[in-house]
Amino acid sequence: MEEKLLGIINQVLDKQNARQLTNLDGELSLRDDLGFDSLMLAELTVKLEDIYDVDIFENGPVDKIQQVINSLA
Amino acid sequence: MKNVQNYSQMVAADVVFEGNNIVSEGSIILYGTIIGSGSVIGRVPRKSVAVVGDKSTSQPTELAENCVISSNVTIYTGVKIGTECLIGDNTSILCNVVIGERVLISRNVTINSEVVIGSDSRIMDNSHVTSRSQIGDHVFMSVGISSANDNLFGKHGLSEAVSGFTLEDFVSVGAGCIILPGSIVGKGSIVAAGSVLKGEYPGDSIISGNPAKVVTRVPRHMMRYDRE
Numbered sequence: 620m621e622e623k624l625l626g627i628i629n630q631v632l633d634k635q636n637a638r639q640l641t642n643l644d645g646e647l648s649l650r651d652d653l654g655f656d657s658l659m660l661a662e663l664t665v666k667l668e669d670i671y672d673v674d675i676f677e678n679g680p681v682d683k684i685q686q687v688i689n690s691l692a
Numbered sequence: 000m001k002n003v004q005n006y007s008q009m010v011a012a013d014v015v016f017e018g019n020n021i022v023s024e025g026s027i028i029l030y031g032t033i034i035g036s037g038s039v040i041g042r043v044p045r046k047s048v049a050v051v052g053d054k055s056t057s058q059p060t061e062l063a064e065n066c067v068i069s070s071n072v073t074i075y076t077g078v079k080i081g082t083e084c085l086i087g088d089n090t091s092i093l094c095n096v097v098i099g100e101r102v103l104i105s106r107n108v109t110i111n112s113e114v115v116i117g118s119d120s121r122i123m124d125n126s127h128v129t130s131r132s133q134i135g136d137h138v139f140m141s142v143g144i145s146s147a148n149d150n151l152f153g154k155h156g157l158s159e160a161v162s163g164f165t166l167e168d169f170v171s172v173g174a175g176c177i178i179l180p181g182s183i184v185g186k187g188s189i190v191a192a193g194s195v196l197k198g199e200y201p202g203d204s205i206i207s208g209n210p211a212k213v214v215t216r217v218p219r220h221m222m223r224y225d226r227e
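Chains as they are written, first to last, in the numbering used here: chain A, 620 to 692; chain B, 0 to 227.
Keep in mind the hints are simulated off the structure, nothing from the lab.
It cannot be assumed that every hint is accurate.
Distance condition first, Cα-Cα at most 27 Å in a straight line; then the derived DSSO-like pairs of lysine-lysine [unchecked claim]:
1) A:K634 to A:K666
2) B:K197 to B:K186
3) B:K79 to B:K212
4) A:K666 to B:K186
5) A:K634 to B:K212
6) A:K683 to A:K634
7) B:K212 to A:K666
8) A:K623 to A:K683
9) A:K623 to A:K634
10) B:K197 to B:K212
11) A:K634 to B:K1
12) B:K1 to B:K79
Distance windows between CB atoms, simulated [to be verified]:
13) A:M620 to B:S145: 39 to 47 Å
14) A:M620 to B:G31: 52 to 60 Å
15) A:I670 to B:G175: 47 to 55 Å
16) A:S648 to B:M222: 23 to 31 Å
17) B:N125 to A:Q630: 54 to 62 Å
18) A:R650 to B:K46: 32 to 40 Å
19) A:I670 to B:Q58: 20 to 28 Å
20) B:S145 to A:Q685: 37 to 45 Å
21) B:G198 to A:K634: 31 to 39 Å
22) A:E677 to B:S36: 28 to 36 Å
Note that beta-carbon positions come from the ideal geometry of N, C-alpha and C, so glycine has one too.
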């Protein structure tokens, strides 16, 4: 699952010509470390929703990669 | 000194006038409504060769029960406003506009003629709604939104080609957007701040950019209505 998540995050980053991630660090912040804005977060959420049928924000704010992993588990 | 010039016989007994108000003949104001200081109800537009298109109407202006009209609001003839609406300070509403129930129109909003606004919608400060626009129910328009209805800048007057925008139910438009003539946004879509809308957009989409394009669909947690 983590490999798939890494690929999806990189797809969103790639659209913004942002630097790709080589591995998932649970402590990384989507906003502060990876530069996700609200549009990128929406895109990520929809991509994950399509695969896992889970909206990662359904139970409140999510920012760290580990929180994303936890919400998909 | 209140200085209320009420030329209408159809104003409910408990309507509160805060002062310096004019109510034109034939205007209807129902129970529980408050008219803020300096506001004018049922204003007849002055004819002028400078004005493109005749916006005048013989229809009265009607304010339903429990509306709050704030200060220095000008509402022209032929405007119908539903129950429990709030119209903010300095807002101006031109002729033949129909507004549903529980609508909030904030301060310094200008609404041109022949606009329809559904119930439970909100238009925030300093926005402009161009004439012949259609705004659905539960629509949210943020601050500083501009809109236009004529790609030829009035060359042929108020012809059939002049077309406002359409926002279907539950659409949200972010701050500072520009809505170009004839744009249509489908139900439940969200438009990012600063976008320039041009053309037709599907429902349940997140839209952004100049010209605005669909970025993705609206995630479940951001939906304002039940998609089922």
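A quick look at each hint next to the structure:
1. Using a Cα cut-off of 27 Å, the hinted pair K634 of chain A and K666 of chain A holds, with the two alpha carbons roughly 13 Å apart.
2. About 16 Å separates the Cα atoms of K197 of chain B and K186 of chain B, which keeps this hinted pair within 27 Å; it holds.
3. At most 27 Å may separate the alpha-carbon atoms for a hinted pair to count; K79 of chain B and K212 of chain B exceed this at roughly 35 Å.
4. Under the criterion of a C-alpha separation no larger than 27 Å, the hint pairing K666 of chain A with K186 of chain B is consistent with the structure, at around 21 Å.
5. The straight-line distance between the Cα atoms of K634 of chain A and K212 of chain B is roughly 14 Å, inside the 27 Å bound, and the hint therefore holds.
6. The hinted pair formed by K683 of chain A and K634 of chain A meets the criterion: a straight-line CA distance of about 21 Å does not exceed 27 Å.
7. For a cut-off of 27 Å, the pair hint linking K212 of chain B to K666 of chain A stands: about 18 Å separates their Cα positions.
8. The straight-line distance between the Cα atoms of K623 of chain A and K683 of chain A is roughly 17 Å, inside the 27 Å bound, and the hint therefore holds.
9. A distance of roughly 17 Å separates the Cα atoms of K623 of chain A and K634 of chain A; the hinted pair therefore holds under the 27 Å criterion.
10. The hinted pair formed by K197 of chain B and K212 of chain B meets the criterion: a straight-line CA distance of about 9 Å does not exceed 27 Å.
11. Restraint check for K634 of chain A and K1 of chain B: the C-alpha separation of about 62 Å exceeds 27 Å, so the hint is violated.
12. A threshold of 27 Å between alpha carbons decides the hint, and for K1 of chain B with K79 of chain B the separation of about 25 Å falls inside it, so the pair holds.
13. Checked against the given bound of 39 to 47 Å, the beta carbons of M620 of chain A and S145 of chain B, roughly 45 Å apart, stay inside it.
14. Hint check: M620 of chain A to G31 of chain B, Cβ distance near 58 Å, so the stated range 52 to 60 Å holds.
15. One distance hint, 47 to 55 Å for the beta-carbon pair I670 of chain A and G175 of chain B, is violated here, with the actual separation near 34 Å.
16. Between S648 of chain A and M222 of chain B the beta carbons are some 26 Å apart, a value that agrees with the proposed interval 23 to 31 Å.
17. In this structure, N125 of chain B and Q630 of chain A break the distance hint of 54 to 62 Å, their C-beta atoms being roughly 38 Å apart.
18. A hinted range of 32 to 40 Å for the beta carbons of R650 of chain A and K46 of chain B is inconsistent with their spacing of about 56 Å.
19. Separated by about 55 Å at the C-beta atoms, I670 of chain A and Q58 of chain B break the suggested range of 20 to 28 Å.
20. Distance hint check: the CB atoms of S145 of chain B and Q685 of chain A are about 43 Å apart, consistent with the given range 37 to 45 Å.
21. Remark: the range hint 31 to 39 Å for G198 of chain B to K634 of chain A is contradicted by a beta-carbon distance near 22 Å.
22. In this structure the hint that E677 of chain A and S36 of chain B lie 28 to 36 Å apart at CB is violated, the actual value being about 47 Å.
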